[in-house]
Structures are given as C-alpha cells and as structure tokens.
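Could you put together the complete structure from these sequences and hints?
So the chains spell out like this:
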Amino acid sequence: MFPPNSIGLVKTQTLTFAEDEPLRLESGAALRPVTLAYEVYGRLNADRSNAILICHALSGGAHAAGYLSPGDAQPGWWDDCIGPGKAFDTDRFCVICSNVLGSCYGSSGPSSVDPATGEPYGLRFPVVTIGDMVRAQARLLDHLGIERLLAVAGGSMGGMQVLEWAAHYPQRVRAAIPIATTARHSPMLIALSEVGRQAVYADPAWNNGDYYLNGRKPDAGLSVARMVGHITYLSEQSMHEKFGRRLQGRERYGYEFQTEFEVESYLKHNGDKFTRRFDANSYLYVTKALDYFDLADQHGGSLAAAFDHSTDTAFLVISFTSDWLYPSYHSKELVKALTAAGCDVTYLDIESSWGHDAFLVEVATMTRLLGSFLDRLAGEALNSER
Amino acid sequence: MAAYSALRPDLQAVADLVPAGAKVLDLGCGDGALLDYLVRHKQARGRGIELSEAGVMACVRRGLSVRQGPLEEGLADYPAASFDVVILSQTLPFLDDPAMILREMLRVGKSALVSFPNWGYWRCRLDLLLTGRVPLAPDLPQPWSDAPRWQAVSITDFAQFCGRVDIAITAEIYLNRGRRVRIIKVKNLLAMTAVFRLEPQRQPNPM
Chain A
2 MFPPNSIGLV KTQTLTFAED EPLRLESGAA LRPVTLAYEV YGRLNADRSN
52 AILICHALSG GAHAAGYLSP GDAQPGWWDD CIGPGKAFDT DRFCVICSNV
102 LGSCYGSSGP SSVDPATGEP YGLRFPVVTI GDMVRAQARL LDHLGIERLL
152 AVAGGSMGGM QVLEWAAHYP QRVRAAIPIA TTARHSPMLI ALSEVGRQAV
202 YADPAWNNGD YYLNGRKPDA GLSVARMVGH ITYLSEQSMH EKFGRRLQGR
252 ERYGYEFQTE FEVESYLKHN GDKFTRRFDA NSYLYVTKAL DYFDLADQHG
302 GSLAAAFDHS TDTAFLVISF TSDWLYPSYH SKELVKALTA AGCDVTYLDI
352 ESSWGHDAFL VEVATMTRLL GSFLDRLAGE ALNSER
Chain B
102 MAAYSALRPD LQAVADLVPA GAKVLDLGCG DGALLDYLVR HKQARGRGIE
152 LSEAGVMACV RRGLSVRQGP LEEGLADYPA ASFDVVILSQ TLPFLDDPAM
202 ILREMLRVGK SALVSFPNWG YWRCRLDLLL TGRVPLAPDL PQPWSDAPRW
252 QAVSITDFAQ FCGRVDIAIT AEIYLNRGRR VRIIKVKNLL AMTAVFRLEP
302 QRQPNPM
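Which chain is which? The protein sequence lines are A and B, in order.
Heads up, the first sequence is in this note's numbering, so the first residue is 2 and it goes up one at a time.
Heads up, the second sequence is in this note's numbering, so the first residue is 102 and it goes up one at a time.
Honestly, I wouldn't trust all of these hints.
[To be verified] Calculated cross-link-like contacts (lysine-lysine; reagent style BS3-like; alpha-carbon spacing at most 27 Å):
{"no.": "1", "chain 1": "A", "residue 1": "Lys274", "chain 2": "A", "residue 2": "Lys243"}
{"no.": "2", "chain 1": "B", "residue 1": "Lys143", "chain 2": "A", "residue 2": "Lys333"}
{"no.": "3", "chain 1": "A", "residue 1": "Lys218", "chain 2": "A", "residue 2": "Lys243"}
{"no.": "4", "chain 1": "A", "residue 1": "Lys333", "chain 2": "B", "residue 2": "Lys124"}
Hints listed in this document are in silico derivations from the structure and should not be mistaken for laboratory results.
All figures in this text were calculated on a predicted structure; none of them were measured in a lab.
Here it is in structure tokens:
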C-alpha cells in the first residue's frame, strides 16, 4: 500500500494546555487556551533519550512523514528524511513534529475559534514570535515526558526554531541542526515578507482579517504572496533548468496578457494550490514571526552571547551554495558566533543549484550527513548507558 | 582498533607530539584520519577546518566536529589560546599566506605542529640539477599544475623563517621513507618530511 521505507499510516494528535493559566507571549499578550497539533513517529526508549524534534518551515505542519489515510496520495513534507532507515531513522529515534503557533494546521492561530466570542480570532489573535512557538513546543515535550532532546532539527523557519531552542533551552538540547536558515532576519527578508503581506491586505476579500464567515477568502492576495515566496525558494540556475524561457502550450509569443511562459504557469499553479491549503491570516502571522527573529538583539547585540550556555550542545549547521533567501554567509555568521562562544560546531555548505529548496531536494547528501551525525549522537547515548 | 594504528608515518610523527587529553585543532584535516586517531588514542578533544565537501562528509562519518571553509576565516573565529595544539599537516606548500597562518596558529593555540615535504632533500636537488625541472615534493607527488598553490620550501628555509619572526622550534622529527632520521646535522639533505613543534619565542626579560 505504502512504499516499504515509509513510516506508513500516521495520526495527527492535539494537545490543549494553558486552559487556566494563559501562555504569556513575548509581546506581553496572553493566550488561553493553546492547542498544538503534533505527530510522533517511532518509539520513545525506556530512558526517554532518543527523541528528535523536527521544526517545520513557513507553510509546513505537524504532518512531516507517512500518510494520513490509506488512499492518501502525498506523504508528509519531510518524508524523504523521516522513516525506517532514513536520515531520521524511526527504527532508532522517536521523531516528533508539531505545528507552530499561529499556523492553520491544527494549532492555535487566527483561524481558531476565540473562546471569548465563539467566532474565529482573525486579527484578534495575538502576534506570536519564534520564541513563543518554541515555548509552546516545550510545553508539548513536558506533556510527552521528554526532558532532553537528542536533537532538534529544521530548515528555514524550522532552523530559527532550532536556534531558539539551543539558545533558550540549552540543557534540553543535546544537538541542534539548523539548516538553510539565519539567526537574524535581514532587511531584505523583511521586505520580501512585507510584499507578501501587502498582497493579502490589498485583496478586498481580506476585510481586515474578518473573512471566515463571509464565504469569500482573500485567495488572490494570498496567491500573489505565495508566488513571491516561491521565487525566493528557487535559484536563477534552477529556474533555467526547470523552465528556461519555454512557453506553456504554445509555439510563439501571443503578444497579449495571458500566461505564456512555463515559469508564469508554474507560479500561478502554485499560488492557486496554496490558497486551497493555507490560511491568509496565518500567512501574515507566521511571516511576522520570521521578521521579528533576531537572536543577537535578544542578547545585547551579540549573537555569540546567545549561545554562551550552549557549550554542551553539538551543532550541525548546513547551508546550500545557491540559496539566496538564507545565503551561506548567514550560516557562516552563525558558525562564527558559535565558535566564539566555544560551542561544538560542524558546518557544511552543500554544493547545490536548487536554491533554498535544496534542503528538501538534496536528499542523498542530507541523508548521509544527518545519518553520520546522528550515529555519533546515538553512539554517545549508548556509551553513557553502559 | 588495528586499522587506526596504521597511521601514515608522517601523521604518526605529528600524533606523537600531541599530549594526551589535549584540545586540538587540525587545519586542512582532510578525511579526518589524524583527528580520529588523536580522539581515540590520545583522548584529544579535536576540531577541524577543511575546505572540501567530501572531506567534511568523511569527518562527520567518523564522528568528528569539522567546519568547512578557508583556514584563515576559520582561524579568525577562534578566541586566543582556544587550543593546546594547532596542527598544519602537509598543507604548508598550498597556503596563500603562510606567515599569516602560522601567526594565527600561535594565537589560537598554545603550540603549533607543522609537517611539510622538504624540497632540500638530495633527490630534489639532483633532479633540478640534472633535469632542469622543478622537482616534485618528496612525499607529495602533485605536480605544480595540479594544485592551486604550490610553494617549494626546505627545512633550512623554514627554520630561518621561524627565527626571523620569533617563533621557537621546540621539537623536531625528520622522516625518510617513513623512517625517522637521526642524523640531525644533514637533515636538510636526508629528510623527505619534517615535523616541527612551534611555540612563540619567549621575549628576553627586560629586567
């Protein structure tokens, strides 16, 4: 039914907490209650030392691996790397992935119902940060009885959560694997986020975030936002290879304003597809969380100071040569700070033409690299048991 | 364990100069063979810097912590005296700025271990004399056209350079075809490979 190296049928679970005492957010606001959707693959061992937390990117969810139903056509978003014998080997590790706060895949976000009004929050949902997402994940791990993670891993926005984990809960993280990410969202990245948000604001159907009960969603705006995003996930070279200047379903230029080039058709298709699976307000909230992310700023301007207490954490920092969204020099800045702080850091800039998407595409290299790194951690855990 | 004992003789000579339990940084650590040996047999706490993706992948497979990048960038990130020993094994002829790297090694480490092929070896001298071609390094059979940099240096060159920049040579091992050369007087003629331990020259006390 499913490929032999798939984890197979999985189930998304939810945890609701902060029902009495609200979760305090970085903004000063409070959220009550808080629900997190999560999935667990593999088994927690007796001493609870084999747990790996996977953090997802902007539009991801808790469904990282396996299939949700027997007829499910698509596996989870990182199925290439999570499963029996894969990089995150579910025969050895207990892999957990949870949907971030503010998103729309089962965790509390702007599309959730506000218990105060009985209607969806919309913009009344408090603005959340990467730090808030991670604090909520920590509550989930408390609930699952996991004191210390063997590793926390993620790419892009997932990588920011990894860094937040390592900086704020160093005693709970044996190893941190930030992939294709940054410790500080740059002005260019904020600018790109803002273009996406403005596209949503400009859609009349957005209606200041109150559209859930109107029967009309700001699909046009969200679609444009996603198109901009998609461009930043590719590289000039990968676009050349994928589309070139080829025309879609025609031989010559029509000299008219129709979708003519393959690349236009691809973007439009992905934009449309996105509106069927993602909530426009969540897009605003999650991109805002990205923009606020600046680990150095939280530590008096010094990125190294953020990792002063992380010297018992082993870092594996990975970047990709053609990623211009989170370019290699962002990772090098991070490696520099980790080195200055005296942390144990391994860094690799993987040669790839796939741009930011490389972290999901370069499966063979990632599998070897992550597999070797996790072998070492698992070996250490085994030795300390003896 | 036997596999790890069969370290290349020049790497073994370097390893013999590393004290047990030392904090070690290996520059241009390649596939990590030396670091792996030091971690397993000398209980060293090892780190590496390596330019090639293949090298870093091999090191991670051995369970080592290695960062990819140019040596000068990597060295600059470390605070002073972060390591007991900084190693530069068979990489000297390929450096853009050897003087700067050696200075950085002695800033980041309390001591440095440097091994390099000796172009003062008699065969090299004879090659140049008889064939008119610049000789290949005794232990590094790469022609000049195959390497990004390739600077011929002899034991005498290196020792004089250290004297000029106030670097003290505090230990020396010379090898010929993997065997240690004991006749120190003619080392520049008989040694194919030199291994030096370097430390900053203590300035004479002004009192």
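Checklist entry - Taking only the CA atoms, is the gap from Lys274(A) to Lys243(A) under or equal to 27 Å? => result 19 Å, holds
Checklist entry - Given the hinted pair Lys143(B) and Lys333(A), is their alpha-carbon gap at most 27 Å? => result Since the Cα atoms of Lys143(B) and Lys333(A) sit roughly 30 Å apart, the hinted pair is violated (cutoff 27 Å).
Item to check | Distance restraint between Lys218(A) and Lys243(A), which requires alpha-carbon spacing of 27 Å or less | outcome: 31 Å, violated
Checklist entry - Straight-line Cα separation of Lys333(A) and Lys124(B) no greater than 27 Å? => result 23 Å, holds
In this structure, the hints that do not hold are numbers 2, 3, in rising order.
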